[in-house]
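Participant: Here is how the chains run, residue by residue.
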Amino acid sequence: MAWKALVVAEQENGTVRDATWELIGLAHRLAGEAGGGAAGVKALVIGHGIDAAAAEIAGRGAAEVIQADGEALAQYTCDGYDRAIEAVAQAEAPDLLLFGHTPNGWDVAPLVAAGLGVPLATECSAVAYEGGRPLFTRKAFNGKFVQVVDMGGARPAVATMQRGAAAAFAGTTAGAVRRIDPRVATLELKSRFITIRKGEAGGVDLSQAPVIVSGGRGLGSAEKFSVVRDLAEALGGQVGASRPVTDAGWLPHQHQIGSSGVTVSPKLYIAAGISGAIQHIVGMRGSGFIVAINKDGDAPIFGVADVGVVGDLFEILPALTRAVREARG
Amino acid sequence: MKIVVLIKQVPNTDSPFRVNGAGTWVDESNLTFGLNDYDRYALEEALRLKDAGRATEVVALSVGPERAATALRTALATGADRAIHVRDDALTGADPLGIARAIAAAIKDEGFGLILAGLQADDDNYTQTPGLVARLLGRPCATAVLKIEPGDGVVRVERELENQRVQVVEMTLPAVVAVQTGLNEPRYASLKGIMAAKKKEIRTVGLAALGLDAAAAGGAGARMKTVRLSPPPKGKGAEILSGPAADVARELVRRIREKTGVI
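Residue numbers (this note's numbering), protein chains in the order written: chain A, 1 to 329; chain S, 1001 to 1263.
These aren't lab readings, by the way, just hints derived from the structure by calculation. All values reported here derive from a predicted model rather than from experimental measurement. The reader is advised that the hints may include incorrect statements.
Partial chain S-side listing against chain A, Cβ under 7 Å, derived [stated by the list, open to error]: (1) ASN1020; (2) TYR1188; (3) LEU1191; (4) LEU1229; (5) GLY1237; (6) ALA1245; (7) LEU1252; (8) VAL1253.
C-beta atoms are modelled at their ideal positions from N, C-alpha and C, and glycine is treated no differently.
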């Protein structure tokens, strides 16, 4: 049987999300490795009234787009999407079933895997074929280790892929669109979409800041955050934080940088007392120049930083603040 | 309404981590263990619902080796009413689907209204057990939940999306809810709680009692296997500066000026 990958596309109000193009790019690369062809790259897009999104995906990498379109699928629900995906996965019997590691992707992928009775590899940064089998690379222990998993020959091998795991497909295709009725009725579902809304509005917009100084768990308390604030002020920058800091209430949630917070790409990013869990790194690795200060020389943050200092941030930060003030006169 | 909280005992994050001899996981011999951080939030949410008179019983459940009983004891000391420990030598090497099958079998006849869990575990970071359990039980599931509001036969939750947005979802009970950290402030066990926990029940069950065997839920039937575990590649890696703080600071200023022009 010819090799086949099924990419679960994501769209919101008809707009295809960027993670989808990366998944399609990945599927094209793997088609080559697995001895398949571009004809084996298929996508499933779910929603209601999404003809334009389906056509766009068929034009940007998918040999065939399966458009599961129905009123009950107009909004994301865990069981509605699960049923649609399971039904298509069973009919198509792909070798790979790929999701983005997004809030909806990680929500529904386990349901699908359990429904199909196959294992799931989550938040993967890479996939490669070795000896004819796909091996999935991911982080474990919050980034302290890289784990490579084998799926025991399961078909499909199901995975959620981290953003940036592959380059987006850049070519154009003349793929087909096949519209199906997955026969999901709202009445049968055990979850109901109510609304999507913005969380509490914040006074800071870190996404546009040219300089960000971030503090992590290593600061120890809200009071001690002043060393981070002082440096940010000296540099004319903003204050950021990793999740443990905002969870502990040392700073409001609007300051949180990472997969569940804001994604930033300033010219200068200084991380102090942040070990560098993958959830934080995906939110800041696009920064121009990264400085990391941490007492643990093995902290994963040093893997993405340009320059690092292994030491006590309560000595380094004040010294750096003084040096910046001197340099600026 | 009865609530079960799925908890996992994980190595403390400041443990001295080393890869084991086979290169497939960490060497556990020098690690210290504690309750998974996310699970503390799930437990706290369950205890708050009980404090508010909206839950009648809070049960803590863990799948793990003998040492996992310590985590269950912590949950009991914090306020859970009783605990279930799924323990079986055959579970060594089980994959997430196997673990989920054991959990589903252990809770299916207990009549729980809510099945609470943490979004992910701090060791394997798998982020999938709650969803697997939900599908095996044929129940709905919401993940990365920041707010839980039970109603009559339903629960309304807020799921965290990107860019500070939330999705509000209503689910028919029983339902599985995997919480995000930060949705509450977890309490710690009091001395009184620790004393009271000594009298509380931890029921230990093996796979056979759950109608399962090693092929269905244990290591023998596991399909997902870790081929290798290694420290992250150094990649470009940071150039490490060292010396007295004032010298390091001046060198940093020089580099920042050269590379970014912000000073």
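Participant: For every hint, state whether the structure bears it out.
Facilitator: Taking the hints in turn, this is what the structure says about them:
no.	hint	result
1	ASN1020	11 Å, violated
2	TYR1188	14 Å, violated
3	LEU1191	24 Å, violated
4	LEU1229	5 Å, holds
5	GLY1237	6 Å, holds
6	ALA1245	4 Å, holds
7	LEU1252	6 Å, holds
8	VAL1253	5 Å, holds
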